[in-house]
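J.: Letter by letter, the chains look like this.
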Amino acid sequence: MKKTLTAAAVAGVLTAGVTLAAPAQNAVAAGGTSRSDVVMWASPAAVSANELPCLPTSIAVTLTNTGTEPVFAEATLKAEAPLVLSDTLFQTYLPPNNPAHPVTKSFGVLVPRGTKPGTYDITVTSGRHREVVPVTVQPIPERGPGANLAYGEQAIASSTHGNFTLCGAVDGDRDQSHWSTLTGWNDATRDVFPDWYGVEWPTVQTVDRVELWTKTPAATSGIRDFDIQVRDGDTWRTVAQVVGNTEEHVVTRFPAERTDAVRVLIHFAGGNYSRLLELEAYGPQ
Amino acid sequence: MEHSSSLPPALSAATRRRFLTVTGAAAGLALSGMLPGISPATAATTSATKKDPFTLGVASGDPLPDGVVLWTRLAPDPLAPLGGMDRRTYSVQWEIAADERFSRVVKRGTAKAEPEYGHSVHVDVRGLQPARDYYYRFRTGGFVSPAARTKTAPAPEQLLPSMTFAVASCQAIWEGWFTAHRDLAARHHDVVLFLGDYIYEFGNDRGVRPGDDDPLRTRQTVTLDEYRQRYAYYKTDPDLQAAHHTAPWIAVLDDHEVVDNWADRYAGSTPPDDFLVRRANAFRAYWENMPLRAPQFPAGPDMQLYRRLRYGRLAEFSMLDTRQYRDDQVNGDGIKAPNAATADPTRSILGFPQERWLLDGLTASRSTWNVLGHQTAITLLDTVSGPGVAVPMDAWDGYSASRDRLLGGIDERGIQNVVSLAGDLHRTVVSDLALDFTDPDSKVVATEFVGTSISSAQDGEDLDAGGRVLLEENPHMKFGNFQRGYISCEITPDLWTSEFRVCDRVTVPDGTVSTRTKLAVESGAAAVQQV
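Which chain is which? The protein sequence lines are R and H, in order.
Quick note, the first sequence lines up with residues 984 to 1268 if you use my numbering.
Quick note, the second sequence lines up with residues 9 to 539 if you use my numbering.
What the hints contain is simulated information worked out from the structure, not anything from laboratory work.
Worth double-checking, as some hints may not be accurate.
Simulated pairs of lysine-lysine, DSS-like, Cα-Cα distance not exceeding 27 Å [to be verified]:
id : chain 1 : residue 1 : chain 2 : residue 2
1  : R       : Lys1061   : H       : Lys58
2  : H       : Lys344    : H       : Lys526
3  : H       : Lys59     : R       : Lys1061
4  : H       : Lys526    : H       : Lys486
5  : H       : Lys58     : H       : Lys344
6  : R       : Lys1061   : R       : Lys1099
Since we're looking at a predicted model, the values are computed, not measured.
Take the sequences, apply the hints, and build the full model.
T.: In structure tokens form, the structure reads like this:
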């Protein structure tokens, strides 16, 4: 449970770069007999997204209780087709106000491949209160020369620990302080190796360099012995090997390969699990 | 019906007022933010759901000499939001009969399945005969639930010649099939004690069941909708349903019904105020999904879970809650050497009010067997070979003053035939509970059977390296096993017999179950013996 917004945010103040929609009083209580003291808002007020499968766009729905009695409250979400939400329901206990205790749940917004650029609405409803968050779907940005080919593309893994997300190491976030709460990939099989993590593309790419960021301190918590592999039909072929790594950032170069997927096959890592902050792939410039 | 009443979802206005008076205003919490125009307290529809709503089976629990709680939850599409229900309140008819064919129905009535309670139904049937088998079922619209067996407790002064019960815990669904439940169900015990970790708040995308990589199975449950959905997923398992359908359950929760190793208001680095919101969500979903009575209905983040159930003069079950009132784990949790902090007499695993309630209740007991049904091991668990000692901070070892007060109190008050039943460890650990575990000649005052997990920890083996160390380092420990399974117990006024049922495999759906061993305790002699 992340308490993401403070009481100041209720007033619609710009907090941490997130624009808040104006909160509104939710007029319906259980039983329909009295006004509820539940306030609901969604943030940000508008989002943009594209089809990249591992660049999840999310919106946060917050419920807070301005009354003196505890309540359970709910909000529901509906996305305009073809957008898909990771979930459509939010029900939670809300302790009494003073101090304010907003409770937030995040909802992933998935843009299926083939979605036409344009604006699609996500409607958030709690009681009689309704908010609309417009999602602007943009074309996938053209990758300039030297761009990271893995960014936002479909991640693949031998397993992913329940506290992490599969996309966590292709999301462009290498900040160690965001480990586990926002970003990063951690396999699910403690003390069992090998593990693997990679990215696959809908079309063939040319790749000659893979850059990895592992968990620090890398000597005790990072990946140590691993192979870089490219997919060749149904099999994986090793194009580079690293043994005894102790660095956070590892750059691996190899002769250019035409492939639809790359992965790192991890033979050993410190701290029981394989952990990556980010995997990046590049082609010749 | 005169002698029966449903729990909060369908309490009459007068009863509901009483209920609120007893348990505090917060107990009446309903879900706010309902759709406009819906007034669930008054409008119960008799119209049918489109699909069979009884996908989660039925259950019964907390038997009394004259009654039992009947449970079901409507969920035509169990993993969908709201279980596939709309936001209307549904009328659900229930009936309970003396025979399997329902030709002698002894009670029937109508309950409401309300959206505020996840469309669960709890009926507290009274007016039944003691120590009798009964059969019950629900219907709504044109759909009829599975029929299930339950059994009442004996009369207060009745001394049954024998009774049977099962002891189960820890069912991480991605780690194994619930083969042990299938075996348990076939035995038609008088009652099943479930000692926690009914669900897990997380999952694993490489589990043994098809579809285990579904994010809905692996995500951390935090909100009420997420906990409700996690229960729905677990409860779709046919073996688990069978275990509910053949016997009443007496359930307590452990950590994973909320989050790993929580202690009172503490869970990892989560701020306590945030954790209490999660705890309130978890407790609400727990009550909704278990056959529990109104006094167990949570008031926000608080739930009166510790309670006592009497089986006449043969047995009394003190069901404990070692999570909600405990002091936080010391020494950073994990497995550590005992020290001044673990022995601190100001710390408690039960909280002092519950400690008093337990010892006073045991003192007042007029039953032969005094059973503690709870979460984790009371016994000393030294886990390191050789001279060092390292014990789990989360078990009673991390609260040894509580252990000393309990075992010392049992000895001082001359309480006989105390048997501790617990889970949590994912292994069978049978121990004599002595006043001083470091002294082999110390007086044994109670017996402990820690049951293994239903599925958590996958297949396991008869005795793993950790189990061998435990047996070597803890002479008071008499038996260990590291397979999955449960304990099937039979007690008479003279003898307690624990039969350890173990699965050869749980990572495949067609594992087989066999008896690993039987151990016994004679009335009046706390030491464990081989049968």
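J.: Run every hint past the structure and note whether it holds.
T.: Taking the hints in turn, this is what the structure says about them:
1. R:Lys1061 with H:Lys58: 22 Å, holds
2. H:Lys344 with H:Lys526: It is violated: about 32 Å lies between the C-alpha atoms, which goes past 27 Å.
3. H:Lys59 with R:Lys1061: 23 Å, holds
4. H:Lys526 with H:Lys486: Answer holds: Lys526 (chain H) to Lys486 (chain H) is near 12 Å, not above 27 Å.
5. H:Lys58 with H:Lys344: Not satisfied, since the Cα-Cα distance of roughly 55 Å exceeds 27 Å.
6. R:Lys1061 with R:Lys1099: Distance of about 19 Å is within 27 Å: holds.
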